[in-house]
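The residues making up each chain are set out below.
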Amino acid sequence: GQQLNQSPQSMFIQEGEDVSMNCTSSSIFNTWLWYKQDPGEGPVLLIALYKAGELTSNGRLTAQFGITRKDSFLNISASIPSDVGIYFCAGHNTDKLIFGTGTRLQVFP
Amino acid sequence: DAGITQSPRHKVTETGTPVTLRCHQTENHRYMYWYRQDPGHGLRLIHYSYGVKDTDKGEVSDGYSVSRSKTEDFLLTLESATSSQTSVYFCATVSRPLSGANVLTFGAGSRLTVL
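Protein sequence lines correspond, in order, to chains H and S. Residues are numbered in my numbering as their position in the first sequence, beginning at 1, plus a constant of 36. Residues are numbered in my numbering as their position in the second sequence, beginning at 1, plus a constant of 416.
Just chain H, with the same shape it has in the complex:
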């Protein structure tokens, strides 16, 4: 089935560092979403992007909808321990929502 390529697969960073992750696809999407999953929980929506080129922030998180509509980026500034978790991108096209494979983030104090 169709999947999104998400990178990196995992990151180990120090508290206070900035984080960047991205998602790419061979297909065009109309909407890009970024979710975070805490251990033992379901994914929770962080940011939704609806237009190519759109840049949206949510606190320390900033995400961009790529101009080609085939990619998206998520940045986290000044990471803190509670940023630990798995981050998923998801692309929406017609009636399907396709998820990336996830980026596992570890933050060390």
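Partial chain H-side listing against chain S, Cβ under 8 Å, derived:
1) Q39
2) G78
3) F124
4) G138
Some, not all, of what chain H presents toward chain S, calculated at C-beta under 10 Å:
5) L40
6) Q42
7) G76
8) E77
9) L81
10) A126
11) H128
Straight-line Cα separation of at most 25 Å, BS3-like style, residue types lysine-lysine; simulated pairs:
12) K469/S / K486/S
13) K427/S / K473/S
14) K473/S / K132/H
15) K132/H / K469/S
16) K132/H / K486/S
17) K132/H / K106/H
18) K87/H / K132/H
19) K473/S / K486/S
Hints in this document: simulated from the structure, not taken from any laboratory. All C-beta atoms, glycine included, are put in the ideal place defined by N, C-alpha and C.
Fit chain S to the supplied structure of chain H, relying on the hints for placement.
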């Protein structure tokens, strides 16, 4: 979390046994989805429902069936569980199809182990 409750949260069963996972929502949402989550694969759609008694297959539907007899309940059944169905299963809802305005809200997940 849109009032989504999944049960059971954890289950261990043996190969060949039937298993039913339940998703219950209190928001009167029309659309409901079942995903499975596996390392290296992210979340993959199993089945979804767009109303009572209206369901359709996702990308990994083989070995699974679903039923939606009431708006609030969406059941996922494994008729004869196999070890490859060991996974974490997530239910999700949205109040209308993704149209640029609404997005999926997920339950807490059901961890199934098939021995």
